[in-house]
Amino acid sequence: MTTLTISGLTKRFGELTAVDDISLDIADGELVSLLGPSGCGKTTTLRAIAGFVQPDAGAILFDGVDITALAPERRDIGMVFQNYALFPHMTVRQNLRFGLEMRRVGQKEMAERIGKVLEIVQLAGLEERYPRQLSGGQQQRVALARGLVIEPRVLLLDEPLANLDAKLREEMRFFIRSLQKRVGITTVYVTHDQAEAMVISDRIVVMFDGRIRQVGDATAIYSRPATREVADFIGLSNFIDGRVTARTDDDRYTVETPLGAVQCRSAVALAVGSPATIVVRPESIKLSRAPSTESGVNSIAGKVRDRFYLGNIAGYRVACADGAIIQVQEEPWHASAVSDEVWCLFTSDLAWIIRR
Amino acid sequence: MTVESPQLAVQRVPIARGAVGAWLRANLAALLVLPILVFLGCFLVAPYVDMLVMSFRNPSTTSVFAPGYTIGNYTKALSDPYYLGVLAKTIAFGVVTTAICAVIAYPVAYHLARTRSRFKGLLYVGVLSPLLVGVVVRCYGWIILLANNGLINNAVKKLGLAPHGLPLMYNALGVGVGLVHVFLPFMILPILSAIQGIDPALEEAAQSLGASRTRTMFRIVVPLSLPGIQAGSILVFALTISAYVIPILLGALKVKIMPTLVIQLLIDAFLWPFGAALAFILAASGAAIIYLFIRVTGRWMKGMA
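Chains A and B, in that order, give the protein sequences. Residue numbers for the first sequence follow the working numbering, so the first one is 1 and each next one is one higher. Residue numbers for the second sequence follow the working numbering, so the first one is 1 and each next one is one higher.
Because the hints were derived from the structure by calculation, they are not lab data. All values reported here derive from a predicted model rather than from experimental measurement. Check the hints yourself; a few may be wrong.
Here's a subset of chain B near chain A, in silico, CB distances under 10 Å, partners left out [said to hold, decoys possible]: (1) Ala205; (2) Ile294; (3) Thr297; (4) Gly298; (5) Met301.
In silico negatives: residues of chain A with every beta carbon more than 12 Å from chain B [to be verified]: (6) Gly8; (7) Thr10; (8) Leu24; (9) Arg146; (10) Pro152; (11) Glu170; (12) Met172; (13) Asp209; (14) Ala337.
Even glycine gets a Cβ: it sits at the ideal position worked out from N, Cα and C.
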């Protein structure tokens, strides 16, 4: 069983710094997603773990042993590529045998392991097919099986679901998740799809411009985003800029904004007078005819500009003071109409200060 | 005033009207092939048919051929060990040249296919350079190098390595060097295009599964580039067994192969029917070997789309 450590990893391509001093510890059996827009360095990081990219600085350690200088074929990794990279001139069985032959596994054990892994990925009976005779989903599972059958120390997945249609993609998320838990293999999963990362991962690493912006589970990343970029990338957000006027409790602050004083929380300590941006998710806000009288609930006055109906929610865009638009997701039966004067209510627990 | 839709405007411009127009439109593709068919018919098929007829004519000492027909030319060629020997030698030349070309061409093609060098264009020019110089000039260059009193032999003699020089020309070695040099691009280009069609991720996948660079090469890249090797081999083989200028200039008739022998029979001995028969035997043998080659390599490529 293997822990994976990335320490100070840096990779430059000419002028561009693709990966900028990344450090990360991944526990044995953990599934960690690298999430970010294209060009954020997530794929370069994965390829450095695989050994296809030689870093300019930093180290990669398996179980505390530095493997940075090791060739890819000596790292004992299983890798699933975005386009699957199945060997087109080999049948499913030959594809699975390839890694085992390289490891000089005996014929009998080979057959057993191939049989077992094909059962796990539910492809038994397709051994003699060529990749082009399989559907996209089947090819995807062959690629997974090929990576798993060698029983690698670390499994690396590079956007493995990106080429599947939407419905199959959602199914495969759960399939990969349960498969990974069942096998218990340390896994790094690269994706640009936030929902995929949230469903599949133990922890999510959000990356921008070659740097890690936040590490945490889905709840932490979504409800307490560390930066504006993270909040913007994952889900919809309202941002309210202001200045800290008081610290009311350990992590509770009052921030003066153009929309009025807002009570909120912060994960980092802030000095009175420092600038702050508050993030509030649209579904954290309720619309009301009157301001709240409860303590710890913020009320912001505004006028409904747009209403839209999506079946599971009713969406609102509320124009507030200073021309700011607040996005609100209400229950689908909520009745406020366009031009209604409303109050946007949200508790201080769901308003978080992010770094600027 | 009515405004016409763009669709209607398009339909208003047919190639031609009526039944003739309809026929033209239906057979446009076939018509476009017509010029090349006419050209090949006049300058390839007709001469071949003429030669085929010639190969069954009776020989004559006073004119090109005597009246009447015979299969004697073929029985003579196929029963004489001398001609069979020359045929075997020609085919052996083809096989060996093809094999050497393939071995030399493969690394070059792989490098060209995978390089991201700024000098890629220059490398292409380098690969094509044997074709940029006329065949006679190129052979003259080789003669300067390989002749008995050429650059290499003079150096060897001066250095006292071989007092009588090395036999580099007027033998199979000299002809082979010349043939490999000029036919190399015909091997490199098809292999290059085949390797370019192989997703580099396949090589990475093989490595991630524990295969070394060498194993990745022989288990993944080479099998997937077989169509390129096949095409290149057919080209080089066909060109080699029919090569005339290079064997004449670098072998000077001391290397007995079919094309030079046929020309000797036609021009020097004036034995048109017999020469035509030999030419056809060579063409048929070459075609048969290429057919077998395609069958065998096709079996290796079974799994590929």
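We went through each hint and held it up to the structure:
no. : hint   : in the structure
1   : Ala205 : 4 Å, holds
2   : Ile294 : 17 Å, violated
3   : Thr297 : 13 Å, violated
4   : Gly298 : 13 Å, violated
5   : Met301 : 8 Å, holds
6   : Gly8   : 24 Å, holds
7   : Thr10  : 22 Å, holds
8   : Leu24  : 20 Å, holds
9   : Arg146 : 7 Å, violated
10  : Pro152 : 8 Å, violated
11  : Glu170 : 25 Å, holds
12  : Met172 : 19 Å, holds
13  : Asp209 : 24 Å, holds
14  : Ala337 : 42 Å, holds
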